[in-house]
Amino acid sequence: AQSVTQLGSHVSVSEGALVLLRCNYSSSVPPYLFWYVQYPNQGLQLLLKYTSAATLVKGINGFEAEFKKSETSFHLTKPSAHMSDAAEYFCAVSEAGSGGGADGLTFGKGTHLIIQP
Amino acid sequence: EAQVTQNPRYLITVTGKKLTVTCSQNMNHEYMSWYRQDPGLGLRQIYYSMNVEVTDKGDVPEGYKVSRKEKRNFPLILESPSPNQTSLYFCASSFKGGIQYFGAGTRLSVL
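Chains A and B, in that order, give the protein sequences.
Note that the working numbering numbers the first sequence so that position 87 is 87, with each residue one more than the last.
Note that the working numbering numbers the second sequence so that position 10 is 10, with each residue one more than the last.
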């Protein structure tokens, strides 16, 4: 069984400040991990994914995430927030091998990122 | 352009009136899936399909039906909708082992 916990349903940062969105996972087998972003009135887009290669993963729009096995974490960061980053962010986990396909992805409850001008 | 298309985008209906939400993808993906998104609960999988005529339950299948008669289409059927099925619904597709591509969503209100 696998699960994802996202700490903080809402995170507010100032424009230009560091963005840190937290994600911890639970998985009985080596996981694949994903971050998705959902802009208002849109579907989900993949930001980045970890599939057991490099532990530091770079994604689109300047986001990156680091896989830390000892902490079972996969936190999402961006050095400098932009107003356009305001969105809902979802962490997700799948079993290695399923690749995050439509059969085996488990989502966290989401974190709403608010950017203050 | 590669895409997952859901229709309708918005739907208001009444309790007990059967409805179908369509989903179509043009990427020749084997896997397709339906999710519902509710505030504070994230996305929960309703049903998924691994190929034509192969479907399986996700985490919250009660009250829903699906069919996969063609590879590109995966409709979601609510035979007798109830107010607790008011939600935002997403269809997604992928290759086996590949990332998922999501539709734009269908916002359903059941009165």
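Mixed in with the good hints there might be a few duds.
[Stated by the list, open to error] Which residues of chain B face chain A? A partial, calculated answer using Cβ under 8 Å: (1) G40; (2) F90; (3) I99.
[Claimed, not checked] With a Cα cut of at most 16 Å, we get these calculated EDC-like pairs of lysine to aspartate or glutamate: (4) K109(A) - E30(B); (5) K69(B) - D56(B); (6) K49(A) - E64(A); (7) K18(B) - E79(B); (8) K71(B) - E30(B); (9) K109(A) - D56(B); (10) K69(B) - E30(B); (11) K69(A) - E95(A); (12) K96(B) - E95(A).
[Said to hold, decoys possible] To spell it out: a stretch of chain A is covered by chain B in this simulated footprint if at least three of its residues, at any positions, have a beta carbon under 8 Å from a beta carbon of chain B; those stretches are: (13) 37-44; (14) 107-117.
Worth flagging that the hints you see were computed from the coordinates, not collected in a lab.
Using N, Cα and C, we set each Cβ at its ideal position, and we do this for glycine too.
Results of checking the hints against the structure:
1. Taking 8 Å as the C-beta contact cut-off toward chain A, the hint placing G40(B) at the interface holds, the least distance being around 6 Å.
2. Annotation: interface hint on F90(B) holds; nearest CB of chain A at approximately 6 Å, less than 8 Å.
3. A distance limit of 8 Å between C-beta atoms decides the matter here; for I99(B) the minimum to chain A is near 5 Å, and the interface restraint holds.
4. Taken as a hint, the K109(A) and E30(B) pair is broken in the structure, with Cα atoms around 27 Å apart against an allowance of 16 Å.
5. Only pairs whose Cα atoms come within 16 Å are accepted, and K69(B) paired with D56(B) is accepted, the gap being roughly 14 Å.
6. Between the alpha carbons of K49(A) and E64(A) the distance comes to roughly 9 Å, so the proposed pair stays at or under 16 Å and holds.
7. Between the alpha carbons of K18(B) and E79(B) the distance comes to roughly 5 Å, so the proposed pair stays at or under 16 Å and holds.
8. Of the pairs offered as hints, the one joining K71(B) and E30(B) holds, with about 7 Å between alpha carbons and a cut-off of 16 Å not exceeded.
9. For the suggested pair K109(A) and D56(B), the alpha carbons sit about 23 Å apart, so the restraint of at most 16 Å is broken.
10. For the given pair, K69(B) sits about 12 Å from E30(B) by alpha-carbon distance, which is consistent with the 16 Å threshold.
11. For the hint linking K69(A) to E95(A), the alpha-carbon distance of about 14 Å falls within 16 Å, and the restraint holds.
12. Taking the CA atoms of K96(B) and E95(A), the gap is about 12 Å. The hint holds against a cut of 16 Å.
13. Proximity of the stretch 37-44 of chain A to chain B, defined as three or more residues with a beta carbon under 8 Å from a beta carbon of that chain, is established by the 4 residues found.
14. Coverage of the stretch 107-117 of chain A by chain B holds in this model, with 4 residues showing a Cβ closer than 8 Å to a Cβ of that chain against a need of three.
When held up to the earlier numbered hints, the structure conflicts with 4 and 9 and fits the remainder.
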